[in-house]
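A.B. asks: Sequence:
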Amino acid sequence: MADGGANREPNGGANGPWDEARIEQAMEQLKVLHVKARMLRDTIPRMLEPLAKTHQSPDAIYGAFMKAVTDGRAEVAEFTELMRADASKQALAEAARSRQQDPIGIKPWRHKDHPDWFKLEEKK
1 MADGGANREP NGGANGPWDE ARIEQAMEQL KVLHVKARML RDTIPRMLEP LAKTHQSPDA
61 IYGAFMKAVT DGRAEVAEFT ELMRADASKQ ALAEAARSRQ QDPIGIKPWR HKDHPDWFKL
121 EEKK
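The sequence shown: position 23 = 23 (the numbering used here), numbered continuously.
Any given hint could turn out to be false.
Here are the simulated PhoX-like cross-link-like pairs (lysine-lysine), alpha carbons at most 25 Å apart as the crow flies [said to hold, decoys possible]:
1) LYS36 with LYS89
2) LYS107 with LYS119
3) LYS119 with LYS31
Worth flagging that the hints you see were computed from the coordinates, not collected in a lab.
Please model the complete structure; the sequences and the hints are all you need to start from.
C.D. replies: Have a look at this one:
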């Protein structure tokens, strides 16, 4: 194995070894989570945006505001669903296990080192 067995769970583990394809899949899942979490930072400002604009009637303001709130709730629900997905839980658990097993040499991730990090690639 190319990783020298470093990605194996103790005693083989119930889920078996983490091969390169599984690690790449987990990294893609974590990237999606990261991008979605960053997008949530704009949720409340987008909800309040209709209130700052002038509208023709109070009903129009209310309609625009409620649409923004509904969209925001959908984004939060989507993120929550992704966080609770088995793939996300497994990826985060494997990262924690790996960090605990070998904490030396882990470099912090910097967005400026990866200028295209916010772009989600289309599935091939």
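A.B. asks: If you draw a straight line from the CA of LYS107 to the CA of LYS119, is it 25 Å or shorter?
C.D. replies: holds (22 Å)
A.B. asks: Between LYS119 and LYS31, is the straight-line Cα distance small enough, at 25 Å or below?
C.D. replies: Distance ~9 Å between LYS119 and LYS31 Cα, so the pair holds.
A.B. asks: Between the alpha carbons of LYS36 and LYS89, is the straight-line distance 25 Å or under?
C.D. replies: holds (16 Å)
Checked against the numbered hints above, the structure violates none of them.
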